[in-house]
Amino acid sequence: MAEPVKLIGCFGSPFVHRVEVALRLKGVPYELIEEDLNNKSDLLLKHNPFHQKVPVLLHGDRPAVCESLIIIEYIDEAFSGPSLLPSDPYERAMARFWAAFMYKCKDSMWIALWTDGEVQAASAREMKANLTLIERQLPEGKKFFGGDTIGFLDIAVGGIAHWMGVFEEIAGVHLLIEEEHPALCRWAREYILDETVGQCLPDRDRVVAALTPRKELYVSIAKAMAAQK
Amino acid sequence: MDHQQEKVQLFGMWASPYVYKVKWALSIKGVEYEYVEEDLWNKSRQLLKHNPVHKKVPVLVYNGKPVAESDVIVQFIDDVWKGHGGRILPEEPHERAMARFWARFVPDKLSPPIWKWFTTAGGEEQDAAHDAAMEQLRVLEEELAHGGNEFFAGDSVGLVDLSLGALAYVIPMYEEIIGERLVIEERFPSLYAWMGRFLAAPPVKDHLPPMEELKLRFRAIREYFVKNA
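Residue numbers (this note's numbering), protein chains in the order written: chain A, 1 to 229; chain B, 1 to 229.
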């Protein structure tokens, strides 16, 4: 009998969404435990003492697996089902490289969303240049970064497809523009329309409502990031 | 296909810890390669062609195809030369997830306060960085002690050791230059012992940077930060 899989998450998190997509693509049943991040449960604090963040994956009695991309590689390796990462070592390296690149982009994206003036403008330019680089990784004539089906890089970049629009709405800034990134926008639409993604994609308006109160927090984080640059 | 026949080049720079991480990984696998020293103030056309996104070292070029980002390169090496030399990542999926998690701990949580401590002139700010570094070292100490192995995942150098590796020679240099201890044997017995073991390990001991030159370089860096405080 399969060991139970539990995912500790919270509503509206793009990182939790990543893991849900991965689990569903692999066909792994799981129980989702939703956390209130203003009132973290003992379960979360016990299983992710260092970062105290979601998502956290519990597979049977094993110690928790934390950090969304690490969790996804674990899911790919621990369970049978369609592979999320390419089988060729070089293609795998490229998927990991671009996923890591996404991680490095987050600062300029955040500054571009939540600050203003020249600092914001410079970050917006940087962010758009980064989006262009990511867009170029889409294989010619294919729907997804992974080809005909969603793969590791689609999942890593997936946040852009849904949450970019959410943050743009809250911030009142438009960064992902059809004329500037037509292929990436097309990819985003395909991603949202995918059946598996749809099963675990939180309702956009509900996410906007849930995250809007955090705007001040986002602004202060962005200002701190800009100061460090 | 005999992977030993494929051409392997490593673009690097003599003082970069990330370059050494890759050298040690290649050494674990017994891979022969051509090393190309880069002048980072005058980057070669080859480097810019192989790593247009980040324009940094290390870059591994395997059979004409470039791989950048040391974490990505190390996992690529483990994939390509599977079955050759030692294992860099464990075999079992959960152990692999743990190795990936702890490998990220070093750049995300441990290196920043150590760098802050080294580049802060003095006073409260430097003390705070020192304390923050000690706190993260304590976490790592516990993890290493808990495992009860010679190295983080077993009895040979693996992913986490490679990630932490350069600190085995960098921390003692920082301690000497600042005149303050960080990894004191009585407080961090496992880490202290690990440092000696790592530097003496077969894949590492003949692939270390020129220590006197490195120390001079670090002294100059510290002087710069102190002067511009």
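Please keep in mind that the hints were generated in silico from the structure rather than gathered at the bench.
Because the structure is a prediction, the values reported are computed rather than measured.
Do not rely on the hints blindly, as some may be mistaken.
[To be verified] Calculated lysine-lysine pairs in the DSS-like style (CA-CA distance at most 27 Å, straight line): (1) B/43 to A/53; (2) B/205 to B/56; (3) B/116 to B/7; (4) B/116 to A/223; (5) B/205 to A/106; (6) A/104 to B/43; (7) B/109 to A/142; (8) B/49 to A/26; (9) A/104 to A/128; (10) B/56 to A/229; (11) B/116 to A/128; (12) B/43 to B/56; (13) A/106 to B/215; (14) A/128 to A/6; (15) B/82 to A/229; (16) B/116 to A/53; (17) B/109 to A/46; (18) B/49 to A/104; (19) B/7 to A/104; (20) A/215 to A/26; (21) B/109 to A/229; (22) A/106 to A/223; (23) B/7 to A/128; (24) A/223 to A/104; (25) A/106 to B/55; (26) B/82 to B/116; (27) A/223 to B/43; (28) B/109 to A/104; (29) A/229 to B/205; (30) B/43 to B/82; (31) B/65 to A/229; (32) A/128 to B/43; (33) A/142 to B/43; (34) B/65 to B/55; (35) A/104 to B/205; (36) A/128 to B/205; (37) B/109 to A/40; (38) B/7 to A/106; (39) B/109 to A/215; (40) A/104 to B/56.
Hints and how they fare:
1. B/43 to A/53: violated (40 Å)
2. B/205 to B/56: holds (25 Å)
3. B/116 to B/7: violated (40 Å)
4. B/116 to A/223: holds (20 Å)
5. B/205 to A/106: violated (38 Å)
6. A/104 to B/43: holds (22 Å)
7. B/109 to A/142: Violated. Residue 109 of chain B to residue 142 of chain A sits at ~38 Å, over the 27 Å cutoff.
8. B/49 to A/26: violated (37 Å)
9. A/104 to A/128: holds (14 Å)
10. B/56 to A/229: With Cα atoms ~18 Å apart, residue 56 of chain B and residue 229 of chain A stay inside 27 Å; holds.
11. B/116 to A/128: violated (31 Å)
12. B/43 to B/56: Status holds; Cα separation ~9 Å.
13. A/106 to B/215: violated (34 Å)
14. A/128 to A/6: Violated, because 37 Å separates the two Cα atoms, which is more than 27 Å.
15. B/82 to A/229: violated (40 Å)
16. B/116 to A/53: holds (24 Å)
17. B/109 to A/46: holds (19 Å)
18. B/49 to A/104: holds (21 Å)
19. B/7 to A/104: Cα-Cα ~30 Å, so violated.
20. A/215 to A/26: Measuring from Cα to Cα gives roughly 35 Å; hence the hint is violated.
21. B/109 to A/229: holds (18 Å)
22. A/106 to A/223: Since the Cα atoms of residue 106 of chain A and residue 223 of chain A sit roughly 14 Å apart, the hinted pair holds (cutoff 27 Å).
23. B/7 to A/128: violated (36 Å)
24. A/223 to A/104: holds (17 Å)
25. A/106 to B/55: holds (19 Å)
26. B/82 to B/116: violated (38 Å)
27. A/223 to B/43: Outside the cut-off at roughly 33 Å; violated.
28. B/109 to A/104: holds (16 Å)
29. A/229 to B/205: violated (36 Å)
30. B/43 to B/82: violated (32 Å)
31. B/65 to A/229: Distance of about 32 Å is beyond 27 Å: violated.
32. A/128 to B/43: holds (25 Å)
33. A/142 to B/43: violated (35 Å)
34. B/65 to B/55: Roughly 15 Å separates the two Cα atoms, so the pair holds.
35. A/104 to B/205: Violated: residue 104 of chain A and residue 205 of chain B sit about 32 Å apart, past 27 Å.
36. A/128 to B/205: At roughly 44 Å apart (the allowed maximum being 27 Å), residue 205 of chain B and residue 128 of chain A break the hint.
37. B/109 to A/40: Status holds; Cα separation ~21 Å.
38. B/7 to A/106: Distance ~35 Å between residue 7 of chain B and residue 106 of chain A Cα, so the pair is violated.
39. B/109 to A/215: Judged against 27 Å, a Cα distance of about 26 Å means the pair holds.
40. A/104 to B/56: Distance of about 14 Å is within 27 Å: holds.
Hints 1, 3, 5, 7, 8, 11, 13, 14, 15, 19, 20, 23, 26, 27, 29, 30, 31, 33, 35, 36, 38, counting from the list given before, are not met by this structure.
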